[in-house]
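Enquirer: These are the residues of each chain, in order.
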Amino acid sequence: MENTLTTIDLEKYIAEKRKKTKIFAHFCSYTPEEIIHAAGVLPVRIFGEKTTEKANAHLQSYCCSYAKKVLEQGLTSQFDGTVFTHSCDTMQRLSDVWAQNIPGKFHDTVIFPVAMDKGLEYLEKELQRFKNNLEKYTGVTIDDNLKDSIQVYNENRELLQKLYEKRKKGHIPAVTIDRIMRASMTMVKEEHTELLSQFLEKIELQENSNPRLLIAGSVTDPEILTVVEEYGSVRYDDLCTGSRYITLVEELSLEGIAQRYQNMWCPCRATSLSRVDYVMEKCKEYSIEGVVLLLQKFCEPHFFETVYTKNKLKENGYSCLLLELEDQPSLEQIRTRVQAFCEILEG
Amino acid sequence: MKRLHTYQDLKKLVGSHYMQAKTAQFFNQKVAWVSSGAPVELLRPFDCITIYPENHTSICGAAKVGPEYCEAAEAEGYSRDLCSYFRCDRGSTLLGTSPIGGLPEPDFLFGCNNICGTILKWYEIVQRHFDVPFLFVDTPFVHSTVYEHAVEYVVEQLKGFIPVLESLTEREFDEEKFVKGLYLSKECVELWKEILLFGAHKPSPLTCFDAFTQLAAIVSLRGTEEVVTHYKTLKTELEERVQKGVGAVDDEKIRLLWDNIPVWYAMRSLSELFEKHNACLVADTYTNAWASANIDTGNPMESLARNYLEIYLNISMDLMLEKIQNLIKVFDVDGMVMHSNRSCKPYSLGQYDLARNIKEETGIPVLIIEADMVDSRSYAEAQVKTRIEAFLESLGG
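First to last, the sequence lines map onto chains A and W.
For what it's worth, our numbering labels the leading residue of the first sequence as 1, then goes sequentially.
For what it's worth, our numbering labels the leading residue of the second sequence as 1001, then goes sequentially.
Rather than coming from a laboratory, the hints here were simulated on the basis of the structure.
Note that beta-carbon positions come from the ideal geometry of N, C-alpha and C, so glycine has one too.
Take these hints with a grain of salt, some might be off.
What the hints assert, rightly or not - Computed footprint of chain A on chain W; a stretch qualifies when at least three of its residues, placed anywhere within it, have a C-beta under 8 angstroms from a C-beta of chain A:
id: 1; segment: 1128-1141
id: 2; segment: 1148-1158
id: 3; segment: 1257-1263
Whole structure, please, built from the sequences with the hints as guidance.
Expert: Here it is, written out as structure tokens:
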């Protein structure tokens, strides 16, 4: 394997895998990938196409660009199946639109509870239902492999946690982290783990005197990360495609998988953990100077949180920059705002 | 449009309900803010006064104060792309006013996500503002069938709320009263169903604009005697119209089905526009969402859970399509008008595919118009009017 994690062409990689392996598309940090892995299927998180020509015939202009971009990818690519998870209203309806327009393949929506603490027992049963459905489709007895699969995922997540730990001591470009995370959500886990451990052995942390930032949001665009890091140094993130993914499964069972989600945070859920408290905890741990909230236009769950989050951060002495990202964001405008924000942080 | 006499009764009924809320404390009654899809029957045995912010914001919308209130929420930092019911409610709270003098403050909140995930986020903000308990009912989405584990989950939650409600209201849970309330609710819902079915008569004695208005009672007062009485009166009035052959629209030529929440601020202009072309909106998917209630006496809590899991916005597009096809058949409509409502994603996303499917499977034409339920700043009136007129002309109006 001559590819390294930061240079690997993920599209080519998937095309190559497709020849030998069944591939399922998915969209969310809550997807129970371990179960899919145990069924001998490769779960690939998709991030969408750049254009939305075909998707525009199915979704209105006030639908978020992420939903449109992934639908475009679904309409133009080949997957053996798709797994949705109940998150926001938009993704819930997208599951229906998807099933109607991309038919004849495995399609399931794991209906996660929204009240995570009350819903634990329900979730276990829902995962069980999903498992049975998948077994019917693949003919594989998932229980035979589930423990091993969880271990495979945990091993990878432990390395990702180490990667995040290193950001306390030095700078790793946010785009590098983003590429590693995306690769982790795309590649065969075992292969990614091998490359990641090589990467961690060789990694050299960079000196960077820019203000230390925490970025929070849903799915980001690497271009935005690059612009943010022209003036700041991202040390931690609270993103769907970032730290939210790296929580471990404690008990190697279906119940353990259900339990894992209790320690994750997503604005679509009623959790005992308040996001802003979690963010502030991380701010302390990573000596963060400023928080950047990245908001995808039309993303209701995130937009509802902003006023409270911003006010609470301010009360506790943290500066906060709110960046609303249009479907085609103006990088120039974002650059100006990030620059001004970082200048203030530097005093 | 010929206004129903029962409209005045409705105004009185709703008005006295809001008055009751303002005096609740003198009767040691608690005021609950409730989402339109929440299983309110659970609160009835506790003598709670139930207030529906969604109903209130629709009143604000009809009174055309939506933009002003929405702007107040936007000034606080909320995005203009968020649900206008939320923004309008938030604005009304911040400004401390509304066409009915603002809502009475809640003692607790009772919200359910069977109509949208927005309810959770909206009510979290209300909870922080008033610092009151929030009882949240989580109803897993229904794709093809209702899963038994989802029913169990909802039943467990409902049972779990009983001790909480007992302590909040200082009243003991009375099972008999609860079951009686369920039957009253069922009676309300069945009467409501009969009322809506009058739209199947030719000419139809009511339009969906009447139904939108009359809906206030079933949403906020179902499970009470007053609503049963009110709907009986309404039913009599409709029967009289049918006997006399009086249609809501003169010389009814086109029969239409409406989809989505009303455009509250444009009710009058839209109803006049349709009437001008002898078109009657005889039914809609919105008011029909409150037209089912099954009760298994042996297991009332489970019946309650099932009814609220299968609510219109908590089901997949396949199941929605089945219901729409049924409405098209029962009400014998010539076309359908869909309101693509930028404030309501669970209702609106998927309409393009639904419209295609309806055209293919039933052959009736579908018009999609862009608007917002409360925020008239997102409504291009002239454009919508032109499109509706072209649509009606193509139908021979």
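Enquirer: All hints are to be evaluated individually against the structure, with a verdict given for each.
Expert: Results for each hint:
1. A count of 5 residues in the segment 1128-1141 of chain W with a Cβ less than 8 angstroms from any Cβ of chain A is obtained; the coverage claim is therefore met, three being the minimum.
2. Closer than 8 angstroms: that is the beta-carbon criterion, and the segment 1148-1158 of chain W has 6 residues meeting it against chain A, so the requirement of 3 holds.
3. As drawn, the segment 1257-1263 of chain W meets chain A at 0 residues by the rule of a beta-carbon pair under 8 angstroms; below three, the given contact is violated.
Consistency note: the structure conflicts with earlier hint 3 alone.
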